[in-house]
Every structure is written in structure tokens, then in C-alpha cells.
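Enquirer: In this text, residue positions in the sequence shown follow my numbering: the first is 229, and each later residue adds one.
Since the hints were derived computationally from the structure, they do not count as laboratory data.
Note that this is a predicted model, so its numbers are computed, not measured.
Treat each hint with caution, since some may be false.
List time: in silico DSS-like cross-link candidates among lysine-lysine, alpha-carbon distance up to 30 Å [stated by the list, open to error]:
#1 Lys-325 with Lys-516
#2 Lys-246 with Lys-516
#3 Lys-357 with Lys-241
#4 Lys-574 with Lys-325
#5 Lys-512 with Lys-246
#6 Lys-516 with Lys-573
#7 Lys-246 with Lys-573
#8 Lys-344 with Lys-512
#9 Lys-325 with Lys-512
Each pair of labels, with its calculated beta carbon distance range [to be verified]:
#10 His-465 with Ala-321: 21 to 29 Å
#11 Arg-549 with Ser-499: 19 to 27 Å
#12 Gly-359 with Glu-545: 19 to 27 Å
#13 Asp-370 with Asp-458: 41 to 49 Å
#14 Ala-236 with Trp-493: 19 to 27 Å
#15 Glu-498 with Ala-337: 29 to 37 Å
#16 Asn-554 with Gly-342: 43 to 51 Å
#17 Thr-424 with Glu-347: 24 to 32 Å
#18 Thr-255 with Lys-357: 35 to 43 Å
Ideal Cβ placement from N, Cα and C applies to all residues, glycine included.
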Amino acid sequence: MSTNTLFAPFALKSLQLKNRIVMAPMTRSFSPNGVPGADVAAYYRRRAEGQVGLILSEGTVVERPASSNDPNIPHFYGDALTGWQHVIDEVHAAGGKMGPQLWHMGVMAGHRSGWKPAENFEGPSGLLKPGEATGRAMSETDITDTIAAFGRAAADAQRLGFDCLELHGAHGYLIDQFFWAGLNQRTDAYGGDELTQRSRLAVELVQEVRRQVGEDFVISLRLSQWKQQDYAARLAHTPQEMEAWLQPLAEAGVDIFHCSQRRFWEPEFESEGSDLNFAGWVKKLTGKTTITVGSVGLSGEFLAGFAGEASQPQGIEELLRRLDRNEFDLVAVGRQLIVDPDWVKKIEQGRLDEMHGFSREALRTLV
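Hey, can you work out the whole structure from these sequences and the hints?
Expert: Here it is as C-alpha cells:
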């Protein structure tokens, strides 16, 4: 199939992209004490040289005492901002576009090394999993301070010269913990039986980020139905529930919904007699730009890949078919761009015999 649509330019507000391919945020843990160094900058520059349309950084945490469970996850505050300035300067020098993914992990398990933050992990109700309390419940002051920390990080991203930003609201981390009834047992204004009630933190957070960056700076929000704590979890069971959940976020200032699935080709609501995936339904319901992601170009899904299951290259014909019919606007690629900074050029030039597979060993180095 033709790749013309995949390599068509894309424009949204101030964001101008050469093609529809996005580098998905992929945690790498190569930033000692939270500060990205020259090796991290060179890693992202190589993807810009490889013609990725938009690079989204690995998750980078905002300024809260327990926003991270890993000492080598990058920060987006303090001394780390000098490192991020070098990253975006390198990406721009190579002709690329980039946004940081701003992150708070919420209640997490401790790092395998035994490292722990100075304070206990925080979340809506102190729960890591339904019924399993390992952290503390956030006060309303904690929530206000967290929203302000995201706002400061957003303003810093714009000041440093990034082209957009993304908020991590997926995969069972802090924002998603508020969405999820299994972890949000609050009885105040940030909890409730309805998903729209549990979305208050996210709505206020997006509003603050929008206030900080203005109307023309693109804000993406990454979402998922599944959680790392429960792959079968679902927030919205029907299109009606999904629309009620996402429309307030769109009105608050989200420009792009980054719709995370483990396998992009799986239909979101089979009972509706439609093969639209998550990104397809979100685009249909909100009218907003959407990014699809999930096992693009590889035979196995990414959680199994990180657990040790090797994946082999596979074609992207189904992806191109869906993109051609305007099911979604942009396509995020993760593991293929971890192992091969030139994946985009190889797709465009039809060099399919040069594609790489993925194994967990690839996570040990920055190629």
C-alpha cells in the first residue's frame, strides 16, 4: 500500500510536522539524579535525524516529593531543565520537533534497587491496586500543589523552546488513578461514582496548563483504558460514557488525545458493530486530533516485550488502511524507534528487509 498519507505534512495551531509519525514516550532511565545528559540529547537527536515527525520524550516528572519511583527517571524542574535545554537544542539543530511528556506516577511500588523517594507515594486514596494501600491519600492542598507543578513544568517547556507538550494521563499513573474507580475512593469533589466526577483533577490540571502556555501551544493528553495494575480495566464501557468523559477535557484545552492500546488494530467497542479503535472513537466523539499507538510494526505487544518476549518486524498495511480512511491523524511508534533511529526512513524508502526486531536487551543502551 502507498505510504503517502503517512508521510503527508500535518499542522495544528503552532505545531508543524513533516509527517504523521510520532515517537511514543518510552521510559529509558538514563538520567542519573533526574538530570538528562549529553547521551540522552544525542539519543533524541538521532531520531530527529531519522525523520521522525514529532518526538515525545520519555515521561519526565513534575516537582512533587514523590512523583517518581526511579532515581534515573528525568525530572522537569530544577537542574534538569539545563539538560532539557540541550535536548531540545539538539533536536531542533537536526530539524526535528519535540514535546516533553509531563508525568506524576502517583502511588507506585518501590524501585527494584530498593530506592525510595524522600516521602511516601501519593494518590487519590493511597491505593496501588484496588484494595491494596501502599501510599497516602492526597489532601486538597496536595492536589492544588500538584496542579501548580504541572503548570510550572508546562511554562518551562514553552520557555525552553519545545514545540508542544504531553500530559501522561494513562497506564495507571496519577491522573489515571483519579479516573479509575478502583483506586479513587474519595468522597470529596475529586471523587465520586461517575467518571466525570473523578475527572475533576484532570480537567483542572489541563485548564492550568492551558493558562500557562496560551491558546496556540499544543497540549496532548495520553489516555488508556487498560492499567498496568489491571490489563482488563475499562473506564468507558460505551461510546456515550467515553464522550461524557472526554468532552470536558477537550473543552478544558486538550488539542490531541494520545490513545494508548496494547494492539492498535483491536476494536474499542465490539458491541457497536464497528472496527474503530480507541483513537478512532475518540476522534469521532470529540472531533479532536488523535494519535493511535500499540504494537505498530512489531509482532508482539509492548508489555510482553518488556517482560522478555521477543518481537519481530511486521508490515503496517492495516495501519495504512486505517490512516487512509481518516480513522486517526497521527501514529506513535515506540519499540521500533528504541532499536532503530532510522525506522522512519526505512519505511518511506521501502527498506523493509532492514527492519529490526525488539528484545528486552535493547533497553540496556541508548542506540
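Enquirer: Each of the hints needs a verdict: does it hold here or not?
Expert: Hints, verified against the model:
no.: 1; hint: Lys-325 with Lys-516; result: holds (20 Å)
no.: 2; hint: Lys-246 with Lys-516; result: holds (20 Å)
no.: 3; hint: Lys-357 with Lys-241; result: violated (39 Å)
no.: 4; hint: Lys-574 with Lys-325; result: holds (19 Å)
no.: 5; hint: Lys-512 with Lys-246; result: holds (24 Å)
no.: 6; hint: Lys-516 with Lys-573; result: holds (28 Å)
no.: 7; hint: Lys-246 with Lys-573; result: holds (12 Å)
no.: 8; hint: Lys-344 with Lys-512; result: violated (42 Å)
no.: 9; hint: Lys-325 with Lys-512; result: holds (27 Å)
no.: 10; hint: His-465 with Ala-321: 21 to 29 Å; result: violated (47 Å)
no.: 11; hint: Arg-549 with Ser-499: 19 to 27 Å; result: holds (23 Å)
no.: 12; hint: Gly-359 with Glu-545: 19 to 27 Å; result: violated (43 Å)
no.: 13; hint: Asp-370 with Asp-458: 41 to 49 Å; result: violated (25 Å)
no.: 14; hint: Ala-236 with Trp-493: 19 to 27 Å; result: holds (21 Å)
no.: 15; hint: Glu-498 with Ala-337: 29 to 37 Å; result: holds (33 Å)
no.: 16; hint: Asn-554 with Gly-342: 43 to 51 Å; result: holds (49 Å)
no.: 17; hint: Thr-424 with Glu-347: 24 to 32 Å; result: holds (31 Å)
no.: 18; hint: Thr-255 with Lys-357: 35 to 43 Å; result: violated (20 Å)
The structure fails hints 3, 8, 10, 12, 13, 18 (numbered hints given earlier, in ascending order).
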